[in-house]
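Enquirer: With chain Z fixed as given, assemble chain X onto it according to the hints.
Spelled out, the chains give:
Protein chains: 2
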Amino acid sequence: MPRLRLAMAQTNPTVGDRLGNATTLLSMARLAYDQGAQVMLTGELALTGYPIEDLALRNNFLELSEQSLAAFASALERDGMGDMAVIIGHPAGPFHVNDSQTVPHHPARARNCASVLLHGKIQATYAKHHLPNYAVFDEFRTFIPGDQGLIIRLGDIDLGIVICEDLWRQDGPIESLTPYPLGALLVPNASPFERDKNTVREPLVTTRAREMNNTICYVNIVGGQDDLVFDGDSMIIDPKGQRIASGLRFREDLIVCDLDLPLAQSGAPLPANTQRVEISVREAGAQALENRPIVQTSELGTLWDALVTGTRDYVEKNGFPSALLGLSGGIDSAVCAAIASDAIGASRVYGVSMPSVHSSQHSLDDAAELANNIGLHHRVEPIANLVEPFDSQLGLSGLAAENVQARARGVLLMALSNSEGHLVLTTGNKSELAVGYSTIYGDSVGGFAPIKDVPKTLVWELALWRNEHAQDLGETPPIPISSIEKQPSAELRPGQTDQDSLPDYETLDNILDLLVVQGLDLPGIVARGFDQNLVAEILTLVSRAEWKRRQGAMGPRISSVAFGRDRRLPVTSKPTTFS
Amino acid sequence: MPRLRLAMAQTNPTVGDRLGNATTLLSMARLAYDQGAQVMLTGELALTGYPIEDLALRNNFLELSEQSLAAFASALERDGMGDMAVIIGHPAGPFHVNDSQTVPHHPARARNCASVLLHGKIQATYAKHHLPNYAVFDEFRTFIPGDQGLIIRLGDIDLGIVICEDLWRQDGPIESLTPYPLGALLVPNASPFERDKNTVREPLVTTRAREMNNTICYVNIVGGQDDLVFDGDSMIIDPKGQRIASGLRFREDLIVCDLDLPLAQSGAPLPANTQRVEISVREAGAQALENRPIVQTSELGTLWDALVTGTRDYVEKNGFPSALLGLSGGIDSAVCAAIASDAIGASRVYGVSMPSVHSSQHSLDDAAELANNIGLHHRVEPIANLVEPFDSQLGLSGLAAENVQARARGVLLMALSNSEGHLVLTTGNKSELAVGYSTIYGDSVGGFAPIKDVPKTLVWELALWRNEHAQDLGETPPIPISSIEKQPSAELRPGQTDQDSLPDYETLDNILDLLVVQGLDLPGIVARGFDQNLVAEILTLVSRAEWKRRQGAMGPRISSVAFGRDRRLPVTSKPTTFS
Chain Z
1 MPRLRLAMAQ TNPTVGDRLG NATTLLSMAR LAYDQGAQVM LTGELALTGY PIEDLALRNN
61 FLELSEQSLA AFASALERDG MGDMAVIIGH PAGPFHVNDS QTVPHHPARA RNCASVLLHG
121 KIQATYAKHH LPNYAVFDEF RTFIPGDQGL IIRLGDIDLG IVICEDLWRQ DGPIESLTPY
181 PLGALLVPNA SPFERDKNTV REPLVTTRAR EMNNTICYVN IVGGQDDLVF DGDSMIIDPK
241 GQRIASGLRF REDLIVCDLD LPLAQSGAPL PANTQRVEIS VREAGAQALE NRPIVQTSEL
301 GTLWDALVTG TRDYVEKNGF PSALLGLSGG IDSAVCAAIA SDAIGASRVY GVSMPSVHSS
361 QHSLDDAAEL ANNIGLHHRV EPIANLVEPF DSQLGLSGLA AENVQARARG VLLMALSNSE
421 GHLVLTTGNK SELAVGYSTI YGDSVGGFAP IKDVPKTLVW ELALWRNEHA QDLGETPPIP
481 ISSIEKQPSA ELRPGQTDQD SLPDYETLDN ILDLLVVQGL DLPGIVARGF DQNLVAEILT
541 LVSRAEWKRR QGAMGPRISS VAFGRDRRLP VTSKPTTFS
Chain X
1 MPRLRLAMAQ TNPTVGDRLG NATTLLSMAR LAYDQGAQVM LTGELALTGY PIEDLALRNN
61 FLELSEQSLA AFASALERDG MGDMAVIIGH PAGPFHVNDS QTVPHHPARA RNCASVLLHG
121 KIQATYAKHH LPNYAVFDEF RTFIPGDQGL IIRLGDIDLG IVICEDLWRQ DGPIESLTPY
181 PLGALLVPNA SPFERDKNTV REPLVTTRAR EMNNTICYVN IVGGQDDLVF DGDSMIIDPK
241 GQRIASGLRF REDLIVCDLD LPLAQSGAPL PANTQRVEIS VREAGAQALE NRPIVQTSEL
301 GTLWDALVTG TRDYVEKNGF PSALLGLSGG IDSAVCAAIA SDAIGASRVY GVSMPSVHSS
361 QHSLDDAAEL ANNIGLHHRV EPIANLVEPF DSQLGLSGLA AENVQARARG VLLMALSNSE
421 GHLVLTTGNK SELAVGYSTI YGDSVGGFAP IKDVPKTLVW ELALWRNEHA QDLGETPPIP
481 ISSIEKQPSA ELRPGQTDQD SLPDYETLDN ILDLLVVQGL DLPGIVARGF DQNLVAEILT
541 LVSRAEWKRR QGAMGPRISS VAFGRDRRLP VTSKPTTFS
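Chains Z and X are the protein sequences, given in the same order.
Numbering of the first sequence is given in my numbering, commencing with residue 1 and proceeding in unit increments.
Numbering of the second sequence is given in my numbering, commencing with residue 1 and proceeding in unit increments.
Bear in mind the hints are in silico, worked out from the structure with no lab data behind them.
In this text, a Cβ means the ideal position worked out from N, Cα and C, and glycines have one as well.
It is possible that some hints are incorrect.
Chain X stretches covered by chain Z per the calculated footprint, using a threshold of three residues with CB under 8 Å from any CB of chain Z [claimed, not checked]:
id	region
1	54 to 64
2	137 to 151
3	552 to 563
This is chain Z alone, in the form it adopts within the complex (with noise of 0.2 Å):
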C-alpha cells in the first residue's frame, strides 16, 4: 500500500479577514512542509471564515477572496512549499443564475469551493453540491451547488474530495463516489458546535467510511463567529470506522499523520459527472511524527469550552480591550464573570455591583466574593440616587418601578462602557430569554450575551462543574456556594424570589427543551405528561417574548436549537383557530 503524508489544517479564522486567515494557514503550512506532509487539508471557506453571509452576494468580497487565493498559492511557492497539494475552502464567483435578471433581487450568487494549490497555481476546484438550508444555514440563499464530482490521483493514490453538508447527504457526490475505489475521501468541514453533536458527528464520518470503505480525512474549523462556536475535533477514521487521529477542540491545531491507503486502480470507471486530475507532489518526509494523544473531556466540560470560545473569539475578532458585567450575586452573573475570566483573563475583566434599596447585603457579599475568587475588577455603584428621580418625577410604581431599576443599572454599564471601552456582557440565560424574564434596556444591555443559550439548570450545572474543575487543578473555585444554593431571585421588590412568576426551573427547562430544542408543539408536549395549563401558559409567555429577544444581544450557540437564526418566527402572530 502506498502511504501518504497527509496535514490537517484546523484553524480558527475570522469572517472577511483573508489577510489573518490566510497569514495562519502559511504558517501552518509552513509546520506541515517542515513535518513531510505531502498535501495539507484545511477547513470549508477556511481562507475567508464561515459563515460569509450576504458577503458572498458581493462581487467585491469575491474578487478580493480570489486575489488572496491567488496571492496564497504564490505565497506557497515563494517559501519553497510549492510541492506540497494545498487544498483550501475559499468562496468564488459569482455566478448567474437562471431569472437573475428578471426576478428582481435574485442575486447572483458563490460557490462554496475547495481548491487544490500546487506550484503556485490552482490545480483543480471541487464546488459543494449540497446546500444546508435549514437550522443555522442559510447556503441556498449565498451560492449555487457544484454539480461535478473532483478525484485527485496524486502518484498512485486517488484522493476523493466533498465539502461538508455533501458527506451528510446519500445522493450526490457520495453516491457517485462510492463505488469508486478511493484512497480516502478529503472533507473540509465549517461544522458548528452543538450539545451532543458528537454523538451524531463522528457516527456519520465512521459509516460512510466504512460504507465508501476509505479512509475518510474531516477537517473542521475551530472558534467563535458571532454566535456560532466551531469545536474542530478534526478526525481521521478509517475504512473499518476506527478514530486514527483528532485534531483539538476549540483550538487551533496541525494534524500530520501517515496514511497507507490502497493503489489507484487506472481501470476505475469514472463516476458521472466526475473529473479526475493528476498532480504530483513531493516524497514524503522521512522524519518521525509524534503520537497524536487523543484527549477526552467531560460533556460539562465541553460545554464550558464552548462558551468560553464564543465569549474569546467576540472580544478579541471585535478588538475589545475588556469586558464589563454587573454582578448581581446571583448564579448568572457569577457564571458569565468565570467564563469571561476564563476567555481573556480575569485582568480584563470588570465587575460592577449595583445594589437598589432592595438588594440583600448577602447579594453583595456574594459579588465581592466572586471577585476575590477570581481576580476581576470590581466596583460598587448604588443605584438609589439613580432610580429615585425617575420614580419621584413620574409617580412610578409596581413593575413600572421594578424595571426602572433594571433599566438604571443598564443606563450605568452603558456609561461606564463609553467612558472606558469596555464590551458590556448580558448575563441572562435561555430559560429566561424564553419567558420574558428580563427587563429589556435593562439587564438585557449589551454586545454579548455568555449564557443566552444555557437552560437555567445547566447554569447551576456549570457552576459546580467549574468549581470541581478549579479544585482538580489545586485553583480556588470561582463560584460562591451561596451563589449556587440560594433560591434565585431578581431583587427588584422585597422577598421576591423568581419562582413567584415562574414553575421551577426544572419543570420549565423540561417544558422549553420539548418547545425550542425538539420543536414539539402543545399537544407533543402534554403528550409527554404536562399539566395543559402550564405549557399553554409557557408557549404564550415564549410567543411573546419574541419581540425582546429579537432586541436581544447574541450569545454562543450550544444547542442544536438556540434563539436566533435557527429558530425564526414572527412576532406578529395570532394562533386561533377557525373550527
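Expert: Same frame as chain Z, but now just chain X:
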C-alpha cells in the same frame, strides 16, 4: 366566448389567526356570492397569513390549518355558498424530505398550496413550484416545492393556477402552461410592497398575459406583518396586456368582474405532470356589477400609505391600545407622530418632550406646535434631574454623558409604557441606523420603528408631501415648517448639528442607496463619482453599526433592501486581504 364572473378577495390576514382570516374571507365570500360570483380567488396563504416562517415546520400548526381549511369549506356550504368555487391559499403538510431522518435538524416541511373548495370539499390542490429564497424570502427553508401542474375545467373554461414566484420564473409551471390554451391564469400572491415595485410587478403580469395569450387574475394580500407591508394592488390583465380591474392599495377589497374567456379546447394536449380537474359551479348572477375606477396615487402618497399601514397593523394586530413616542421638535419624531396619528388616530398617540439642558426653546416650541396641529396627547418631562445623578456619580463627560441623556429618555419612555400600556415607537431613520448615528438603549428603544427604512432626505420629502396633502384636504398641515427647515441636531451638546459628524445628508443618502439598496461595493460606488475616502469611511461606519441594528426595533420595509431580513451580514467581520 363564455363568460366567467370572478371575485378576487384581497384580504389583510394576520399570521396564525386562522379564525380572523377565515372569518374575513367568509364575509367576502358572502359579498361575492351575493353579486353572483362563480369563483372567488384569495391571496397566497390567505388562510394563515404570510410569511409563516418556521411555523411551517410545526406539525400542530399545519394540522390546525388543515382543520381550519376543512371548516372553512364546510362553512361555505353551510351558508349556502357551496356552489361557488373558492380557491384559497393555505399551507399543507408536513412532507418529509429525503434525508430528513438522517441529517440532524433537517425537518419535515410544508407545501405552499392553493386549493379549490366546492360543495364543502377540497376538489383539487396546487402546490407552489418555485420557492423564493432570496431578499426577505426563506421559502426553501420551510416549504418543499410542488411538482404537479393544475388546470381547473370549469364548465367550458380552463383556468390555470400558479402561485406568486411561479409567475416570475420562466421555467416550470409557466413554461408548461404557455402552450396550453387557457382561459385565464389565476395567481394568488403575497408580494410585499417596495418602492418602485410597480415598475416591475405590473409589467411582469402584462408580459406573461401577452406571452401566454390569456387573462391573468393576480390577487395580492394587503396589510402589515412585522416588517413587511403588502400593498394589495390586485389586478386583472387581459391577453392584450390591458389592466381591466384593480384592487385598492393597502386596503382590503373585493373585486368582482365579468370575464369573457375563450372556450376550452377539449382536444388540447395536457402539459406534462399536469392534472386537469373538472368542476361545475353555479351560473353567474345576472345583476349588474359596479364599475371600479382605477385610483392613481402619487409616489410619496403611496410610500406614506405603506408606512401608515405597517404601523397601524403592528399596533392593531399586536393589541396595543396606544402608541407613545418622544417628540424632540425635529423632523424624524414629527414624521413618526404624523404616521402614527394617521395609522391609529391622534387620540391614541402620546408624545413626550424630554428637554435636556442642551435643548433649545425652538425644539420645545416645535414639538408643542406639532402636537397641537395633530391633536395628539402631549406632555413635557425634563430630563435634567434624571441625568445629573448619573453624571455626578460616575463623573461622566463627552460621549458617555451625551449617551446618558438619550438613555434617560429611553428609560422615561419605557416607564410610561410600563405604567400606561403604550407601544413605544422609536423614531430613527434609515440614514442614522445605517451609520450608527443613534444611542443604543437610548433613542433606539421601542417596539416599532415607523421610519426605519426611510432615508433622511426622504423623511423631508414625506414631511412636505404630508403637509401639502393636508392643505389639499383643507386640513392643518401637521408638521411645523421649522421642524422641516432647521438644521438637524441631536442636541446632546451645545451647538451640535448632525453635520458635525456626518457628510451632508444628500451625499450620505446617495452613497447609502448605492451600498445598501443597489448592493454595490466600494469600487462600484467610487466608480459613480464619490470620494474614495468618504465612501470607505461610510462603509466602515455601516459595518460597525451592524451590532446595533441587530438589536433594533423592526419597522415597515418600503425599499427593496431594508435593514433586517433583506441584508444578512456578520457582526464579526474584518475586510482585510492577503496579497
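Enquirer: Against each hint, give a clear statement of whether it holds in the structure.
Expert: Here is how each hint holds up against the structure:
no., hint, in the structure
1, 54 to 64, "holds (count 8)"
2, 137 to 151, "holds (count 3)"
3, 552 to 563, "holds (count 5)"
Checked against the numbered hints listed earlier, the structure breaks none of them; every hint is satisfied.
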